[in-house]
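Peer 1: Protein chains in written order, with this note's numbering: chain Y, 54 to 279; chain H, 43 to 330.
Derived from the structure by calculation, the hints contain no laboratory data.
Even for Gly, the Cβ is constructed at its ideal location relative to N, Cα and C.
Incorrect hints may have been included.
Not everything, but these chain H residues come out facing chain Y in the computed CB check (under 8 Å) [what the hints assert, rightly or not]:
1. Arg102
2. Pro104
3. Gly106
4. Asp213
5. Thr220
6. Leu221
7. Trp222
8. Ala224
9. Arg225
10. Ala228
11. Gln229
12. Leu231
13. Ala272
14. Thr276
15. Thr278
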Amino acid sequence: MTDAKPAAVSSMPTTGGILLDNVGYVYDDKTPWAHQALENISFTIDPGSRILIVGENGSGKSTLAWILAGLYKPTIGQAIRADKPLVEQTPNLGFLIQHTRLQLLSPTVGQEFSTFGITGSDAQTAMRSMGITNIHLSTRLENLSVGQQRRVGLAVLFARECPVIILDEPLAGLDRQGQTRIAEAVNALPHQTTVVTVTHDFEASAPLATDAIELTGGSVSKVWSL
Amino acid sequence: MKSAFHLLRYVDRDSIVHRTNARTKILSMSAMALCLAFRPGWIAVAGIWSLGAVTFIAARLPVGCIPRFPKIVSYGLLSGLVLGAISGGEPNVNIGSWVFGAGGLVIQIRFSLVTLGLLFLSLLLGWTTPPSELPGAVRFILRPFRAVRLPVDDVVTGLALAVRVMPLLMDELASTFTLWKARRDAQNLRTRSASIPASPEAGTKNVPSTPGPASQRADLMERTINDVIAIAATSTTSAVRRSTEIGRAMRAKGSTEAPVTESSWGLPDFIAAVVTICTVVAVFVLDS
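Construct the entire structure; sequences and hints are all you get.
Peer 2: Put into structure tokens, the structure is as follows:
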């Protein structure tokens, strides 16, 4: 850990924030293929903060993203928000993975919104807020580019009013213009929304956050303000 | 990512089973499968499970590698047993004044044990054999079929691709399934909260009016079916993409042919062959 004292990331519990207390995660636990991906992860993310989690391949950052999204239960330690484990709060934790098409299961953009009970006009509003003006609700999702699919995914999370949004490699595989559009969409999210971005590309993702956490070998090696 | 079912995952150990040639193990498995096809009785079932248990112990495998089946498989097995139990048939068992026809249940138990036994042998092959050795072993075994113009090299190349793609595909499928469960929870929350005053966090704004319970059930069923189709389509697309990528990578290396392991036969192979032959002969003799 560095001597820097970032505003949004700390080791002290904060009301309404996400608390990770001595979190560890072992894949295939209690099998011959057991592999420790994370160990001794402890920090708090304040509500409304924008955090970047960076690290090399295999540093455990994607595993941490899945824990923050409530999709993995820590093997040891606890990951909580508002006194409840994150695994019990998945409907309120928005998660956008790199291969967004795997999670946008509807045929069209409009149907993806309506899956969550979001009406057409509200979907249009959400898309405009994310800077999407050239995609119709009737557009088939497979006809969209990777960047467009991610922005539609973000718009759905925005319309669902998720208080916490986790983005796993949101800029991967995009050209400079695509990265800028995603960054604009993320920055257009309400200021009270907590946004955690997981990436290996610190330079490109820096505009998405105000604080950063670096993982090395499954542990936090550095925390600093941007 | 969180799969509890480890297909084709090698467990690195030094044992006589690990030193046995992949060709011998596949031939032994095939012999047991043929034995079951011709003598599908209790003796063959006992033979398969005995061979599996002896191999498991000889391979010094930890108990932790035995898979935890998904709930749906357990439910499937259980419902099969229940259906078998209510179907009746000989032999009859007297329980007080009640006569229970146990025939269906007995057949169902035997069928389940055969299925699980063959699966267990397949898992044993995966735990004790490096996946890269399998294509070469299959090529060796299928070599005689070249005489009848079977496209052996194509089959082996397909297998080599499958062996490489399988772990990636399993991971992707597990991720998709986990994400789908989270998506379903979010949908359910919105459906539930449509009938109660909006909470600040649940995102209940703009939720349409709630239909009746029967309509909700029908809607849930339709959504689930649509999602299963979508997951299947997504997984298929993903598998094709991965296979194409790996196929191109193999071609870029200069060949799409799988490497052939030409290791010689040794004492472990001899012992495995003797054990298998003894088991097959015992099944045929005792069951005749």
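Peer 1: State for each hint whether it applies.
Peer 2: Going through the hints against the structure:
no. : hint   : result
1   : Arg102 : violated, 11 Å
2   : Pro104 : holds, 5 Å
3   : Gly106 : holds, 4 Å
4   : Asp213 : violated, 10 Å
5   : Thr220 : holds, 5 Å
6   : Leu221 : holds, 5 Å
7   : Trp222 : holds, 7 Å
8   : Ala224 : holds, 4 Å
9   : Arg225 : holds, 7 Å
10  : Ala228 : holds, 4 Å
11  : Gln229 : holds, 6 Å
12  : Leu231 : holds, 4 Å
13  : Ala272 : holds, 4 Å
14  : Thr276 : holds, 6 Å
15  : Thr278 : violated, 12 Å
Of the hints listed earlier, those the structure fails to meet are numbers 1, 4 and 15, in rising order.
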